[in-house]
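Asker: These are the residues of each chain, in order.
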Amino acid sequence: MPTIELKNIGNHVFSNLNMKVFDGELLVVLGPNGAGKTTLLNIITGLVSYEGTVLFDGVPVDKTATNERQIGYLFQNLALFPHLDVASNVGYSLKIRGKKKEEIAQEVDELLKLMKIEHLKHRYPKNLSGGEKQRVALARALATSPKVLLLDEPFNSLDSGMCKCLRRKIRQIQREMGITTVFVTHNLTDAEEMGDRIVALNSGKIKQVTSKMFNDATATDNGNHSQSFQDCLHCTIDCYCKGTEEDYESADSPACRM
Amino acid sequence: MKIKSVLVGILPVIVFVIIWECIAQLNLVPKYIFPSFSAVMIEFYHLAVSGVLLDNLLSSLFRVLAGFLLGSAAGIVVGIGMGSKEFVNKSFHPIFSLLYPIPVLGWAPLLMVWIGINELLPVALIFLCSFFPVLYNTITGIKGVDREVIKAARTLGASDTKILTTVVLPLAIPNIFTGLRLEAGMAWRVVIAAEMVAIPTGIGALMIRSESLLRMDVIIVCLMVLSVMCLTFERFFQFVERRITKGWGSISAQNSWNFEQTMKSEK
Numbered sequence: 025m026p027t028i029e030l031k032n033i034g035n036h037v038f039s040n041l042n043m044k045v046f047d048g049e050l051l052v053v054l055g056p057n058g059a060g061k062t063t064l065l066n067i068i069t070g071l072v073s074y075e076g077t078v079l080f081d082g083v084p085v086d087k088t089a090t091n092e093r094q095i096g097y098l099f100q101n102l103a104l105f106p107h108l109d110v111a112s113n114v115g116y117s118l119k120i121r122g123k124k125k126e127e128i129a130q131e132v133d134e135l136l137k138l139m140k141i142e143h144l145k146h147r148y149p150k151n152l153s154g155g156e157k158q159r160v161a162l163a164r165a166l167a168t169s170p171k172v173l174l175l176d177e178p179f180n181s182l183d184s185g186m187c188k189c190l191r192r193k194i195r196q197i198q199r200e201m202g203i204t205t206v207f208v209t210h211n212l213t214d215a216e217e218m219g220d221r222i223v224a225l226n227s228g229k230i231k232q233v234t235s236k237m238f239n240d241a242t243a244t245d246n247g248n249h250s251q252s253f254q255d256c257l258h259c260t261i262d263c264y265c266k267g268t269e270e271d272y273e274s275a276d277s278p279a280c281r282m
Numbered sequence: 006m007k008i009k010s011v012l013v014g015i016l017p018v019i020v021f022v023i024i025w026e027c028i029a030q031l032n033l034v035p036k037y038i039f040p041s042f043s044a045v046m047i048e049f050y051h052l053a054v055s056g057v058l059l060d061n062l063l064s065s066l067f068r069v070l071a072g073f074l075l076g077s078a079a080g081i082v083v084g085i086g087m088g089s090k091e092f093v094n095k096s097f098h099p100i101f102s103l104l105y106p107i108p109v110l111g112w113a114p115l116l117m118v119w120i121g122i123n124e125l126l127p128v129a130l131i132f133l134c135s136f137f138p139v140l141y142n143t144i145t146g147i148k149g150v151d152r153e154v155i156k157a158a159r160t161l162g163a164s165d166t167k168i169l170t171t172v173v174l175p176l177a178i179p180n181i182f183t184g185l186r187l188e189a190g191m192a193w194r195v196v197i198a199a200e201m202v203a204i205p206t207g208i209g210a211l212m213i214r215s216e217s218l219l220r221m222d223v224i225i226v227c228l229m230v231l232s233v234m235c236l237t238f239e240r241f242f243q244f245v246e247r248r249i250t251k252g253w254g255s256i257s258a259q260n261s262w263n264f265e266q267t268m269k270s271e272k
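For the record, the sequence lines run as chains A and B.
FYI, the numbering for the first sequence is 25 to 282, going by our numbering.
FYI, the numbering for the second sequence is 6 to 272, going by our numbering.
Think of the hints as simulated: they come from the structure by calculation, not from any bench.
Here's a subset of chain B near chain A, in silico, CB distances under 7 Å, partners left out:
#	residue
1	R159
2	T160
3	G162
4	W253
What you are looking at is a predicted structure, and each value in this text was computed from that prediction instead of being measured.
Note that CB positions come from ideal geometry on N, CA and C, so glycine has one too.
Using the sequences plus the hints, can you model the full thing?
Answerer: Below is the structure:
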C-alpha cells in the first residue's frame, strides 16, 4: 500500500501544507468544523483543485483522474446510491469495471459477510438504519480493493454503542488489509482509539502530530521520543480544544511538536 | 377501507351524473342544446358501434404518439446535454428561453404555411408542446442529483459516461417522468385544437363537424373520450415511474409535495 505525501499544497483552505501518511498506517486528522479536514481528503482524491503535489509512493498523481487513483472514500453523508439496493451499491465498482456477474456476486457476498450485513442484501438505502448504512458504505469503499482508504467523519450520526462497534470493525479491517488510511474526525474518542498517528488541524494548518509509532513514543522534530503517547495525545487534544493558534503554541510541549 | 376510498372517489361522479340527468329531463333547455346523460350514452354506443369514434380516435392517437414520442425523445436528449455539460447549457439556454414562452398554438399559422395542412402539422405542434417541458424537467432532474453521490461514483472508478448512465440519469428519472406525465395530457389538448382548426379527421374534427350540426351529444361524447385519454396517458406514465422507482423511496417521496402532510407538520 502506498505512502502518501502532500508537498506544498495550496488552495482556498491550505497554504503550503506538507504532510505524509505512511504505508499501512491509520492517520487520524482531528479538527473542528471548517478546519479543512474534508478538503484534505478531497485533495488526496483529486476531487478539488490545488497547487502543489500529491505523491503515492513517490509518484505524483496530480494528473491521475480520481477514478484511477484506487481510493476507497467513505463520505461524511455516506452518499449511497438511493436507486440501487445494498448488493448493487457494494458491487457498483466491480460492475463498472466489467467484472462477470458471478464474480461480482461472490465478491459482494464476501464483503457483506465481512461487514455482517448479508441479510440486508436486497434492501434499498432508505430502509437501512444509520449503522447499517455505514457498513454498506464501508463495504462499497472496500469493494474497489483500494490502496488508500479515506474516512470522513463516518460516525457522526451514530450512537456510542454503534460507534464503538464500527471503530473496532474498521480498525480490524484496516490492520488485516494493511490499507493506508486517513480518518477525519472532530471526535476525541474516535481519534484516541483509532489513530496510529493523530494530526491536529485548524484553519488549514497542522498544529500538532502525535504518534503511537516508535514504541509508543511521540515523534518530535529533533528525533527525541521522550514523551509517552498518552501525554502527547493530551497535548494534541488540548490544542484541538483550545482552538486558536496562540493557544496551540502555548499548550503543547516542545516534545510534541513536529 | 379500500371499498370506502373507492366510494369516496365515485360518489361525487354519481351525484354529478344524477343532477345532470335531472336538469336535462326538466326540459328547461332544448335537448339539442343540453342533452341528458342517457342521451349522450346512447350516442356513445351508436358512435362506437358504427366505428366513427374509433376511426377518429385512432387518427388522433397516431398524431399524439408520433409528436409526443419525437418531442419527448428530443427533449430528453437535449436536456441530458444541457444538464450535464455547462457549455451546451450556456449555448442553448438563451434560444430556448426565448422560444419556450410562445404558446404552442401560436406556432400554428406559421407551421400551416411552412408544413402545409397535412398529417405533419399536428405532429409538429405536439412535438413543440412536448419538447420544452420535458427538456426543462430533464435539466432540472440532472442538475438536482446530489453532488456527493456523483463524487462517490467517481471515487469508485466510474468515468463521466458511466456516471451519467448509471447514476445521474436513473436519479433524474422522477423529474423526467414529471415532464412526460404533464405533457402526455397536454398533447391531447393540442391535437384536438389542431384538428379543430386545420385537419379534417380526428376527435377534434369530429367535434367541430358536430358543432355545425348542433350535435351537442356527439361533442360531449368526444369530450369524455378526450378526458379518458388524457387521464390514461398521465396514469400510464405515473405507473411506469412508480414501477421504476419502486423502493428508492426518498427521491420520489421528497420530490412530491403533499398538502395534507405539510399542513400536519406545520401544526
